[in-house]
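A.B. asks: This is what each chain is made of:
2 protein chains.
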Amino acid sequence: MPVFTEESSPEMLQRAAGLKTPPLPRLTPCPPVNTARTADGAKHEVVVVGAGPAGIMLSLMLSRYGISCLPVELVTAMIIPGQADGLQPRTLEVLRQLGLSEEVFTQGYANYRVAFWNPGGPGEPPLVRTCVTDDVTVPARYPCKLLLAAGRVVNILERQMNKYGNSVERGTDFLKFELVGGEFPVKVFLRDVATGREYSVFAKYLVGADGAHSKVREQMGVKLEGESTDYLWGVVDAVLKTDFPDIRKRCAIHSNAASIMAIPREMIENQQYMTRLYTQLEDNTDATSSVGEGDARARARARRQNVTLPRILEQVKRTMEPFNVEIVKVDWWAAYQIGQRVATNFSLKDNEGTERVFIMGDACHTHSPKAGQGMNVSMMDGYNLGWKLAYELLGLAPQNALLPSYEFERRDIAEQLIAFDNTFASKFSQKMGENGLSHEDFFKVFHTAGGFTSGCGIEYKESKVVEKTMIPALNNSLNPDLGLLRAGRRLFNVPLRRFSDDAPCELHDVLPATGHFAVLVMLPQNFEDSAVQEKLEYLLASLPQTYVRGIVEPFVMHPRKSNDDVEWSMFPKALKEDWEWNFSGDVSGHAYETLGVDKSMGAVAVLRPDGVLGGVYALEELKPKGKVENYLSNNLTTQ
Amino acid sequence: MPVFTEESSPEMLQRAAGLKTPPLPRLTPCPPVNTARTADGAKHEVVVVGAGPAGIMLSLMLSRYGISCLPVELVTAMIIPGQADGLQPRTLEVLRQLGLSEEVFTQGYANYRVAFWNPGGPGEPPLVRTCVTDDVTVPARYPCKLLLAAGRVVNILERQMNKYGNSVERGTDFLKFELVGGEFPVKVFLRDVATGREYSVFAKYLVGADGAHSKVREQMGVKLEGESTDYLWGVVDAVLKTDFPDIRKRCAIHSNAASIMAIPREMIENQQYMTRLYTQLEDNTDATSSVGEGDARARARARRQNVTLPRILEQVKRTMEPFNVEIVKVDWWAAYQIGQRVATNFSLKDNEGTERVFIMGDACHTHSPKAGQGMNVSMMDGYNLGWKLAYELLGLAPQNALLPSYEFERRDIAEQLIAFDNTFASKFSQKMGENGLSHEDFFKVFHTAGGFTSGCGIEYKESKVVEKTMIPALNNSLNPDLGLLRAGRRLFNVPLRRFSDDAPCELHDVLPATGHFAVLVMLPQNFEDSAVQEKLEYLLASLPQTYVRGIVEPFVMHPRKSNDDVEWSMFPKALKEDWEWNFSGDVSGHAYETLGVDKSMGAVAVLRPDGVLGGVYALEELKPKGKVENYLSNNLTTQ
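Chains as they are written, first to last, in the UniProt record's numbering: chain A, 1 to 639; chain B, 1 to 639.
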C-alpha cells in the first residue's frame, strides 16, 4: 500500500526472534552475576548434571521461568545414540503446551495402532494376526505414540532453551558435591574434559539427571532397590524390506521361535523409515529370581558375551517366518537384561532439613524399554520438579512448601512403573501356552495398563499440593481415565469457544506452560444468580490482591450452547477489563460432560503449573477462607 | 535400561538439527563455487532483491530445492515495521506444508469471526451490532485469519531458510542489472551500504521483490497501470482499553462519523494484545478519478500533510462513540491513500526470448490493505515462481516449459485482486446510505469475495501446466470453493486413514512441500477389477522409468469404509514395495464426497509442487500416451 507517513515504536524492531514466555516474578534477590558461568566459584541457583530427557526438560523449564541454571553434560556430541524412542500421549500434551509439538510431529513418526500376532492353530499359517487395536486405550489429545530418537527429542528442547538464553556445558564431568552451608550451600566439583581443568561452582540446588549409573546418586548414598530377571534381549533399529503386512504398525509377535516387539520409527536422513525390533534371545522359563549378587545375574553375565548383531538378526528372521525380512541398514543395536529398580530416596537434605540435592530420570528408576516409558517418566520428573524449584527460588511459595512433594509424587509413579513393567516384561518374555499364558492374558495386561503407559492416567496421592475432596457436582461414577476432574490427575483437554472473539480453542492451549497456577471456574447454567456472581466477583477481586501479581489466573467457563446467549454485561466488570481472554463457553457441550461436572451446580478447580489438578471444589468454596483460598495460601506466598 | 553392548551407525550423531527436506535431483552441472558469495564476479543461479514476504518465500523455496540463491535486502534490521499483518487460510495451508504452522499460530493471533456495526435506527443506540459471522466464508483447513506482523512472519521463514544453509545479505543495495549473455546472463550491480563497496555478481535469473517502488521493475521498463482514489486513510496498531464488546473480533464499523475496520492482533512483548484500526480520515463522496499526474492526486498530496496521529485517534474515538476507547500504547501508525495498480509485465526476456528477470509482490501490484491480501498474494507469487525456477535450473522440465506460466498465472490473480479491492475499498469508504449503500450490499461484497480473499478459491486459467477437462466422474454441480477437484485450484484438504499403519492423517500432510509432482489416484469401489489394477500397475511401473527418479510420486486412495476391508495382496506388489506410505483409505467417506468424485468411477489428478491441480482425468487416462502421461511429459523431463 502507498504509505506517505509512518512511525513505529522502538520495541517493534526487537520482535524478530519471536516472543518468549515471560519469566515468573521474583521476590528474592537476583543471583550474583558470574564472571563466567564455569569460572571457579561461580554461583548458580541450580546445577543440573546430565542433559538427557530428564535434565534437559528441567533445565528448559527453569530457563523459561527465569532461574539461573547451569546444565552440564559429559557427552560432547549434540546427540546421543539409540535408546529411548517413544513419546507418550501425556508427554505430547506437555510438548504442545511448550509450543514444540509441530516440530516433534514433523520429525517423528506417530503410531496409532498395534497388531498382535500369535502362532497359528491347526491348519493355519505358522504366524497369524490375532487382532489390531488402538495403541492408546484412553482418550487423549494426541491418541498416539510419537517415535523419535531420544537424542533428537532432547535437541528440540535444547534449541528452545537456547532461545531463553541458556545452553548446555558439554564435555563437563561431574566429580562430586559437598554441602557447605551458606546461601549457596552445594559446592559442585566439575572437570572440563577437553582441558582437564578442575573447578567448583556453588549452587542452591543440585540435580542429578545423570542416568542409571548416576554419580550424584552414588554420592548421596542412595541405593537402587528392586528385582531383576535374567531374560536376555536384543534391540535393533533397522531399515527393513519385508512382506510382513503390519510392519508399519506396532506389533507384539509371539511366535513358536521367540517373541518380538516391532515398533515403526521415524524417517532417517536417507528418507527411509526405521523399525525398532526387540527380541528375546533365549528361552528362560524359570529365570525370575530376586536381586543381589546372586546366581541369576552371574549366569546372565556369562551368557551375554555371546550376544552379537548377527545372532539377533537371525532370531528376528526366524521369529517372523514365514514372512521374509531383509535388513537394508542397521542404525543402532544393543543387548540388555531386564531389571526393575527404584532409588530408595529421590532427594538429600542438608543439616537444616532442607532438600538440596535431587535425582531424576534413570538415576531414580530403571526398567525394561518395551513399553516406551523411560524417556517419558524421566521428562515428567523434570516437569514436576521444575516449577517447584522455581517457586522456592523466586520466593513465590512459603519456604519448603513444595519441594518435599517431588519425591512424594514421583517415587510413587516410579514404583507403579516398575510394578507394571515387571508384569508386562515377563508376560512378553514368555511364549504363548507357557505358564498358561494366553493372548487374552497378554492383551488384558496391555489394555488395562493403558492409562498408566499413556501418562494420561497418572494420579498423584494426597498431599499439600493435591487435596482430594468429593463433591456432589462431580459425576464420580465416570472412569477418571476418560476425563473426570480429579485432584492429582492432569486436566483433560476439551474443546471450547472463547467468548471475547468467539474463536474455537482447546482448554490446554488457553493454559500454556507459563508457570502460573489457574483457578478454573465452571459456572452453573444459572450463572446470573447473584450468589454465583458474588463468588466470581470475590475471586476476580481477591486474586490480584492476595497473591503475587500474575501467578494465579482465573479461567472461567460457561455451559451455554452458544456465546450469543451471553453478554459481558452479565458478569463482574473485572472479567472483561482484566481477564478478557480467560472466559470461554462450552459450546459443544463436551467440556462439562467429559470433565463430569453437573451443569446445574458448576465447580471450581485449582490447576498447578504442571497441568495437574491441585483440588476440585464446590463453587461455594470461592469465598473468604474457603477451600480454594486455603489451598492457594498453603502453597503460594500471600501479599 | 541396563545395556551391556551397544553399537550405532555414524550418521546417527548427525541428526541433531533435525531432518531437512532433501533437495530436488539435479540433471544440470552444479553451479561454480564462489570464493565468497558477495565477491565481485560471484555466480549464483538466482539473485533475489528484497527479503519481504515475496522475496523470503522464494528464497526459502529455492534453498529447500537445492538451488544456489543469493537474497539481498537493503534494510539492515532483522524485522521490518508495521504494514501487512494478516495470513489468509490458503497461506496457512502452505505454511503447514512447510512445517511452520505451529510457530505462526503460537506467535500470532487467529481470528475467526467478524462483526458488522452500523448506525442505530430510531430509538436505538447510535452504534448497533448488525450481525456476527465467520470471517472465512469457505471451508479451509484453518478457517481463520492469522494476525502477525509481516516482519515476524518473514523472520520465521528466514530462520527455516538458515537451516537450509542460506541467509539474507542485509544492508545490500541493488543498483542495476544488465543482460550480458552467456551461461550467467544477468549481471547484477550491488553495493554494500556499510562499506560503500560496489560489486557485481552474475546470475541465471534475477528476481525483484523490492516493493512498491521496485528498482528492478523500473530497470525493466515496466509500468504500473491502474486506478487511484483520493480517499485518505489512517492506520494504527495500538493496545486499547475499551468497553466496546467486540474488540477481539474483526469489526467493520460504519458509524455516522466515519468508518473503521478493527482487527484484533497478536500479543506484543508486554503481554498485551494489539488492535489494528483502519479509519477513513475525510468524507470524499466523489473522489474516484483515473490515475495520472491529475488533480485528484495533487489535491490529496496537499491534504495529507495534515494527517497526524492525534487526528487519527480522535477520529477513532468519535467513530466508536458511545463506547469508550482508551489508547494504552501505540505500536505503529501510518497514513495512506488507496490506489490499485498492476504491473504491465511480470518478467523480462533476454535476446533469445528467455525470461531472465521477474518481479513479484508489491513490485507487481499495489492495493489497499484492509482485506489483508498483500502479504498473502506476495508470498504466493514466490511460492508459484519457486518450483518453476528450480525445475528449469535443475533440468527437470523441458527448457522454458514452465517459466512463462508465472506471469500468466499471477498477473491474472493480481488483476482479480485489484478488481475486488476496488469494489471493497470504495464500499468501505462510503457511509451507510451514501450512494444507496446498505449493510446488505456491503455484506454481500464481503461474503462473495470469500473464496478469493481466503486464497482458497484462487483458480489459474488453462495453460500447459493447467489442463481443464470435464469428466463424468466429477460432480460438477458442486461449488468448487467447497472442495471439488478442479484443475487450476489448490487441492482441498481431506481427512484420510493411511493403509500401512491405519493412522489418521490429512491429505495435505501426506503431500508436504517437497517440490515433487504427485499423481493422485482415487480408486473406484471395485478396485479389484482387472482393468483398474492394470491402470494402477502401469502407473507404478512407468513413473520411475519415465521421469527422473522421485520427482513424481503416486498417491493412491481407496473409497472403502475401513482399511480392514483391504489387504496389500489386492494390489500390484510395487504399491507395498515402493510406495508403502502413499496409500490411504477414505474411511470417513469425506474425501470422495468433498472432492466430488463418483465412487463407482474413481478419478486421477495430477498435482503440481505448489499444491495446485494440474489436471483431473478419468481413470482410463492412466495408460501409455494417456492424458496423464501427456501432461507429465509436457512439463517434465523424460528419461
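Note that these hints are calculated values from the structure, not bench results. Please read these numbers as outputs of a predicted model, since none were measured by experiment. A hint or two may mislead.
No copy is singled out in the list; a pair is fine if it fits within one copy or between any two copies.
Straight-line distance between alpha carbons at most 27 Å, and here's what the computed DSSO-like set of lysine-lysine pairs gives [what the hints assert, rightly or not]: (1) Lys-329 / Lys-576; (2) Lys-623 / Lys-427; (3) Lys-163 / Lys-317; (4) Lys-329 / Lys-461; (5) Lys-163 / Lys-20; (6) Lys-329 / Lys-20; (7) Lys-573 / Lys-599; (8) Lys-241 / Lys-573; (9) Lys-464 / Lys-317; (10) Lys-187 / Lys-468; (11) Lys-317 / Lys-573; (12) Lys-241 / Lys-576; (13) Lys-163 / Lys-431; (14) Lys-241 / Lys-20; (15) Lys-461 / Lys-163; (16) Lys-573 / Lys-176; (17) Lys-573 / Lys-329; (18) Lys-576 / Lys-317; (19) Lys-573 / Lys-215; (20) Lys-215 / Lys-43.
A.B. asks: Given a CA cutoff of 27 Å, do Lys-163 and Lys-431 count as a within-copy pair, a between-copy pair, both, or neither?
C.D. replies: neither (50 Å within a copy, 48 Å between copies)
A.B. asks: For the identical chains here, do Lys-241 and Lys-20 meet the 27 Å Cα criterion within one copy, between copies, both, or neither?
C.D. replies: between (44 Å within a copy, 24 Å between copies)
A.B. asks: 27 Å Cα cut-off: does Lys-576 pair with Lys-317 within a copy, between copies, both or neither?
C.D. replies: between (65 Å within a copy, 19 Å between copies)
A.B. asks: At 27 Å max between alpha carbons, let me know whether Lys-573 reaches Lys-599 within a copy, between copies, both or neither.
C.D. replies: Within one copy only: 24 Å inside, 56 Å across.
A.B. asks: When no copy is named, should Lys-573 and Lys-215 be tagged within, between, both, or neither for a Cα gap of at most 27 Å?
C.D. replies: Neither way: Lys-573 and Lys-215 sit 56 Å apart in one copy and 54 Å across, limit 27 Å.
A.B. asks: When no copy is specified for Lys-329 and Lys-576, does a C-alpha distance of 27 Å or less occur within a copy, between copies, both, or neither?
C.D. replies: Close across copies (19 Å), not inside one copy (60 Å); limit 27 Å.
A.B. asks: Regarding Lys-317 and Lys-573, is the shortest C-alpha distance of 27 Å or less found within a copy, between copies, in both, or in neither?
C.D. replies: between (70 Å within a copy, 21 Å between copies)
A.B. asks: For Lys-461 vs Lys-163, is the C-alpha pair at or below 27 Å within one copy, between two copies, both, or neither?
C.D. replies: Neither way: Lys-461 and Lys-163 sit 35 Å apart in one copy and 45 Å across, limit 27 Å.
A.B. asks: For Lys-187 and Lys-468, with the copy left unspecified, which applies at a CA distance of at most 27 Å: within, between, both, or neither?
C.D. replies: neither (39 Å within a copy, 75 Å between copies)
A.B. asks: Within a copy, between copies, both or neither: which one fits Lys-573 and Lys-329 at a CA-CA cutoff of 27 Å?
C.D. replies: Intra 65 Å, inter 22 Å, cutoff 27 Å: inter-copy only.
A.B. asks: Is it within, between, both or neither when you check Lys-464 against Lys-317 at 27 Å Cα-Cα?
C.D. replies: neither (54 Å within a copy, 51 Å between copies)
A.B. asks: How would you classify Lys-623 and Lys-427 at a CA-CA limit of 27 Å: within, between, both, or neither?
C.D. replies: Neither way: Lys-623 and Lys-427 sit 52 Å apart in one copy and 53 Å across, limit 27 Å.
When each numbered hint is compared with the structure, violations occur for hints 2, 3, 4, 9, 10, 13, 15, 16, 19.
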